[in-house]
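Undergrad: Sequence:
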Amino acid sequence: MKELKAVFSDLDGTLLRDDKSISSNSKKAIYSLKDQGIHFVIATGRGPMAVETVLEQIGFPVDMICYSGEYIERDGK
Numbered sequence: 000m001k002e003l004k005a006v007f008s009d010l011d012g013t014l015l016r017d018d019k020s021i022s023s024n025s026k027k028a029i030y031s032l033k034d035q036g037i038h039f040v041i042a043t044g045r046g047p048m049a050v051e052t053v054l055e056q057i058g059f060p061v062d063m064i065c066y067s068g069e070y071i072e073r074d075g076k
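Residue numbers for the sequence shown follow numbering that gives the first Met the number 0, beginning at 0 and rising by one.
Any given hint could be a false lead.
[Stated by the list, open to error] Dumping the calculated DSBU-like pairs for lysine-lysine here, alpha-carbon to alpha-carbon at most 30 Å:
hint : residue 1 : residue 2
1    : Lys26     : Lys4
2    : Lys27     : Lys1
3    : Lys1      : Lys19
4    : Lys33     : Lys1
5    : Lys33     : Lys4
6    : Lys27     : Lys4
7    : Lys19     : Lys4
8    : Lys26     : Lys1
None of these hints come from the bench; they were simulated from the model.
Build out the structure end to end from the sequences listed, making use of the hints.
TA: Next comes the structure, spelled out in structure tokens:
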């Protein structure tokens with residue numbers, strides 16, 4: 000079996016609840032991925048500025064794919 004290297008997540012209806020918050024269970028899962036050295040990647044049709052509130056909730060920079068793949072950012076850089 001191959002080693003898991005990354006987990007990708009959409010935002011609306013996937014990572015975010017109806018009130019645009021991230022559940023505590025999802026946050027724990029994201030932190031667990033980080034602790035295991037597995038990249039967590041946000042993939043969305045939104046732009047990077049719209050993802051900022053999500054990043055604040057997570058508490059550390061993550062990779063993101065925005066504008067449906069037209070913009071890619073690694074670890075907030």
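Undergrad: Do the alpha carbons of Lys27 and Lys4 lie within 30 Å of each other, as the hint requires?
TA: holds (18 Å)
Undergrad: Checking one constraint from the list: CA of Lys1 to CA of Lys19, max 30 Å. Satisfied?
TA: Violated. Lys1 to Lys19 sits at ~33 Å, over the 30 Å cutoff.
Undergrad: Run the distance test for Lys26 versus Lys4: straight-line Cα separation, threshold 30 Å.
TA: holds (18 Å)
Undergrad: Keeping to a limit of 30 Å between CA atoms, is the pair of Lys33 and Lys4 held or broken?
TA: Holds, at about 11 Å.
Undergrad: So if I understand the rule, the pair passes when the alpha-carbon distance is 30 Å or less; does Lys26 with Lys1 pass?
TA: Holds: Lys26 and Lys1 sit about 25 Å apart, inside 30 Å.
Undergrad: Check whether the Cα positions of Lys33 and Lys1 lie no farther apart than 30 Å.
TA: holds (18 Å)
Undergrad: Could you grab the alpha-carbon distance between Lys19 and Lys4 and see if it respects the 30 Å cut-off?
TA: holds (27 Å)
Undergrad: Given the hinted pair Lys27 and Lys1, is their Cα-Cα distance within 30 Å?
TA: holds (23 Å)
Going down the numbered hints, you'll see the structure goes against just number 3.
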